[in-house]
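Visitor: The listed protein sequences correspond, in order, to chains A and B. So for the first sequence, our numbering puts the first residue at 1; every next one is plus one. So for the second sequence, our numbering puts the first residue at 1; every next one is plus one.
Possibly wrong hints are sitting among the right ones.
Now the stretches of chain A that chain B is said to cover, found in silico as 3 or more residues with beta-carbon under 8 Å [claimed, not checked]:
1. 39-50
2. 88-95
Sample of chain A residues lacking proximity to chain B, with all beta carbon distances greater than 12 Å (derived) [said to hold, decoys possible]:
3. S5
4. R6
5. A7
6. T10
7. I53
8. G58
9. K63
10. G71
No lab work stands behind these hints: they were computed from the structure. Cβ coordinates follow ideal geometry from the N, Cα and C atoms, glycine included.
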Amino acid sequence: MSRSSRAVVTMPKTAKKGEVFSIRAIVQHDMESGFRHTEQGVRVPRDIIRSFICTYNGNEVFKADLHSGVGSNPLFIFYAKADQSGTFEFKWQGDNNYLTIVNQAITVS
Amino acid sequence: MIKRQLAHLGVLCFVFVLAIPSYADQRQSTTALMTPSNQAMQKDINLNPALFWIMDGETLWGDRSNPAGKACVDCHQDVKQSMKGVAATFPKRVQGKLLNLEGQINQCRTSRQQAPAFAYESKPLLALSTLIAYQSRGLPIAASTDPAVEPDYKKGQSVYFQRIGQLNLSCAQCHDDRAGLKLASSTIPQGHPTAYPIYRIEWQGVGSLQRRLRNCVSAVRAEQYAYGSAELTALELYLMRRANGMQIESPGVRP
Numbered sequence: 001m002s003r004s005s006r007a008v009v010t011m012p013k014t015a016k017k018g019e020v021f022s023i024r025a026i027v028q029h030d031m032e033s034g035f036r037h038t039e040q041g042v043r044v045p046r047d048i049i050r051s052f053i054c055t056y057n058g059n060e061v062f063k064a065d066l067h068s069g070v071g072s073n074p075l076f077i078f079y080a081k082a083d084q085s086g087t088f089e090f091k092w093q094g095d096n097n098y099l100t101i102v103n104q105a106i107t108v109s
Numbered sequence: 001m002i003k004r005q006l007a008h009l010g011v012l013c014f015v016f017v018l019a020i021p022s023y024a025d026q027r028q029s030t031t032a033l034m035t036p037s038n039q040a041m042q043k044d045i046n047l048n049p050a051l052f053w054i055m056d057g058e059t060l061w062g063d064r065s066n067p068a069g070k071a072c073v074d075c076h077q078d079v080k081q082s083m084k085g086v087a088a089t090f091p092k093r094v095q096g097k098l099l100n101l102e103g104q105i106n107q108c109r110t111s112r113q114q115a116p117a118f119a120y121e122s123k124p125l126l127a128l129s130t131l132i133a134y135q136s137r138g139l140p141i142a143a144s145t146d147p148a149v150e151p152d153y154k155k156g157q158s159v160y161f162q163r164i165g166q167l168n169l170s171c172a173q174c175h176d177d178r179a180g181l182k183l184a185s186s187t188i189p190q191g192h193p194t195a196y197p198i199y200r201i202e203w204q205g206v207g208s209l210q211r212r213l214r215n216c217v218s219a220v221r222a223e224q225y226a227y228g229s230a231e232l233t234a235l236e237l238y239l240m241r242r243a244n245g246m247q248i249e250s251p252g253v254r255p
């Protein structure tokens with residue numbers, strides 16, 4: 001995998017204070033498990049995303065550790081509660097210095 | 001005399017009215033056999049992992065790094081306008097040769113861009129075919145009715161009904177005669193190519209219709225058809241005409 005890749009986050013741009021809304025975050029990654037071999041018998045080295053962290057104005061709201069069993073292009077769907085206007089940061093980190101960050105602003109009324 | 005002709009015409013019309021709807025009603029997209037979560041993943045493009053192939057395809061659409069210095073966009077302009085409904089009409093005869101969508105992309109690539117053809121199932125080829133097929137989502141399949149493709153259609157039909165392999169099975173024996181029954185735990189689909197290229201979770205990626213057809217060929221333990229071979233492309237044509245008028249759902253999501 002390249003050092004970074006495409007990621008798409010789907011969430012509302014505006015919300016009412018106290019409202020619970022869903023966030024969907026999908027990232028492009030081959031998630032090479034490290035258990036596969038080429039036709040010549042050479043092991044394909046592991047290359048996976050290791051962690052996914054979502055922060056809301058700097059506070060962690062969702063975190064996941066990923067392992068070899070997770071399939072390619074992992075998708076997370078989770079919920080957050082609107083508190084105050086600000087930014088959601090989505091950060092995927094992995095093997096070979098892989099890093100993808102997406103920021104999404106939200107206006108809370 | 002005229003009265004008799006009219007009577008014949010009447011019988012003919014009656015037969016048509018009787019035959020066409022009953023045929024159409026029995027056809028079912030394989031999407032209907034998917035779990036609700038897979039259906040939702042396919043329907044909502046922001047959940048569909050094939051989205052990344054579409055995005056890669058959009059980048060390639062404007063890529064001028066080839067010997068001719070020409071991007072797809074230079075001739076075809078906006079993909080959303082120019083490629084609408086295009087995937088619904090392939091395979092068809094182009095300069096005397098039956099080409100599927102992938103073949104047409106490579107034909108453009110070698111002649112207009114003067115670049116080497118993309119390998120079958122390579123990421124750039126799948127990215128472009130997924131991008132183009134996505135522009136036909138929701139439109140009906142309009143298979144080629146060009147008289148020049150008749151021999152190809154006949155060939156595709158014979159491939160479909162030909163028993164092959166150690167298991168001595170034809171496509172028709174499963175997908176016509178036993179569609180809706182079980183093969184192990186999964187329901188045998190009718191095999192309409194409405195959602196290709198598909199994101200198959202088992203493949204961990206996007207694959208073409210020919211990859212899926214080759215899966216079946218190896219499953220019946222038959223000698224494999226090559227990618228882009230006349231047999232597979234003719235079979236694609238037969239399947240498209242068999243699914244004529246059904247809605248395109250590309251890119252599909254399959255388990």
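Visitor: Going through the numbered hints above, which ones does this structure break? Give me the numbers in ascending order.
Guide: 1, 2, 3, 4, 5, 6 and 10
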